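J.: What follows is the residue order along each chain.
Protein chains: 2
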Amino acid sequence: MLKKSHKLDLTEFELQELGTTSKKVSFLTPLAKEESTSWFVYMQIVFIAIAVKVIQPLAIGYAKNDDGSYRFNESTMVLLVEIVKVIFCACVFAVQYKRAEDEDKHELYNLPFKQSLHFFIPALLYTASNTLVYFGMSYINPGLFIVFGNTRILIAGILYRFMMGKTQTDLQWLSLFLIAAGAVLSSPASDNKDGRDNYILGLFFVIIMSICSTSASIYTEKYFKQTQKLSIFYQNIVLYIYGIILNIFVIIFLRQSDKGLLDGFDQAGCMVLAAQSLMGISLSFIFKYLDNIVYVIALTVAMLITAIFSMAFFELSPTIGFFCSMVIIIVGIYLFYRSKLFEKLNIKEIVF
Amino acid sequence: MLKKSHKLDLTEFELQELGTTSKKVSFLTPLAKEESTSWFVYMQIVFIAIAVKVIQPLAIGYAKNDDGSYRFNESTMVLLVEIVKVIFCACVFAVQYKRAEDEDKHELYNLPFKQSLHFFIPALLYTASNTLVYFGMSYINPGLFIVFGNTRILIAGILYRFMMGKTQTDLQWLSLFLIAAGAVLSSPASDNKDGRDNYILGLFFVIIMSICSTSASIYTEKYFKQTQKLSIFYQNIVLYIYGIILNIFVIIFLRQSDKGLLDGFDQAGCMVLAAQSLMGISLSFIFKYLDNIVYVIALTVAMLITAIFSMAFFELSPTIGFFCSMVIIIVGIYLFYRSKLFEKLNIKEIVF
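Taken in order, these protein sequences are the chains called A and B. With the numbering used here applied, the first sequence corresponds to residues 1163 to 1514, in that order. With the numbering used here applied, the second sequence corresponds to residues 1163 to 1514, in that order.
No wet-lab data here; the hints were simulated from the structure.
No copy is singled out in the list; a pair is fine if it fits within one copy or between any two copies.
In silico EDC-like pairs for lysine to aspartate or glutamate, Cα to Cα no more than 20 Å straight-line:
1) K1510 to D1332
2) K1502 to D1332
3) K1328 to E1511
As the structure is a prediction and not an experimental result, all values here were calculated from the model.
With the sequences and hints as input, model every part of the structure.
T.: Quick look at the structure:
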């Protein structure tokens, strides 16, 4: 509930991103605040998402057996995460509804059933992506899976181009290549090999999986923004309910596990549950108020921070290679935001 | 002599680089040619320098003992390289002098002694750098030496800024960082460790050494260009004669070797001698007609090509990491030349 009280602080900010018409949007209370907060609020969203993403792998690691397998039932975990998120969002939505002016109340949840079906599509794609992970994992080792997973940075750029019609400059495309390459190079397992690895098939599955989950994210972004007047918590409730339906379907018909439904939900399992739920909700804020490219960049930053933490905790000395990939990722991020930064600071060209 | 006959083909091109006043310069014969050749000739110079730089480590590897030590006497090698270069340049200069119009003859070698002393400075700095290598090598292993050696890309940028007053844009500075990081990451030994390695001292020596050799290169570039009317072969002769004097001094007073003066000059030793001499001469063309940044970038490209060759020869499968560092270096090179390219192709901004 710490998260919730924090969210209550974020009241107002401007939407100027991505062609969305500029207007004040309220999370919980429609209080007026000065424009300058918007940038700060964006940073807060990104910061929280990165923090949650850093905690997540630690929680997951804590809930693993020595052989790397999960103690909890993965299918149940996915379902429970959706349920926890729905309950959380329903509670916050109730507070928000109560606090809203009477004439605004209706707008918070004014979503015809037919339009709500748009949220079914990302729910379906996320479920497909989650199911594909299990197939993919049988072709390559988990380390390589993470390495190949960085292709999602490029896939996000390409899909964003086609699904949102968002153009990028040459520097921005190159920056996506740099961030992806830097992310691959900073992954500790980048050159691990495993007897059962089938690079081609593994890469193929990872790419299909990335396309599913990235297009799900972009679709979510698109419809969260198209129904911008709705409460984000109400939007989430609709999305997660479709998710719950689909995941029950998966558990019954697709994924038989030899574990009991509630196996492994000890303290560690519950931490994973909490981390995954927080992650999902922080993502929805990124999709509604920022965008998917911010998300993949935030993921990479989170990965760097996780690596630095694990070096500090396990007293590993950072390698020269890691230092270099950090430089590359930072250069990549700078290149991506260079034109925006120059515009904001009114710079034409820097020459040293 | 194959090299020489090739050089005879390069007759004319324009100098438009680096604020040097634009004028026709002849290598051997003052024949007029159309302007459009200049770009092609620049590419030829770069191509030859890269080719020589790819051959060089192969020749050196061939002349090494199994324990990695050289069979030849290193001090003698440095001296002999200077002597071979002087002899080669003297021969070509003789041809050039004979072919020149009578009124141009004088200009080819019109260098007052006092001004020739400017060539003493780079000769001294090169000798200092060569001597420092031996100190540095006792602190870190050769692999790490090469890795740290990539800092020269950044040092070249910084020294170029101060010695030549050449400004770079933010993208160009970042591109130097990217090329350096990519070069480090593609070096096979980037994460090797050795008991005797003293990172701090090793890095310190490499940086001092790089500063010496890079400022020598920039000084050479500066005075080769300031005395642009002189024959490049005459300029080289002056530079190498100072080098010979200094190296004789080093052999007598500084570096006692337990090898005989002419030990190890078998077939392999002579190949190294030829490769080093070619390298030196191709460098002088880069310094006179192009610049030091082109040189460090060419070095990195040569390193990539060498790595690809050695993968092909030793049937090593290229790692994902190597592929990524190649992407990074290519992006870096593009960023460095982006503004020039845009100017040439008359592009304002690319948006996809």
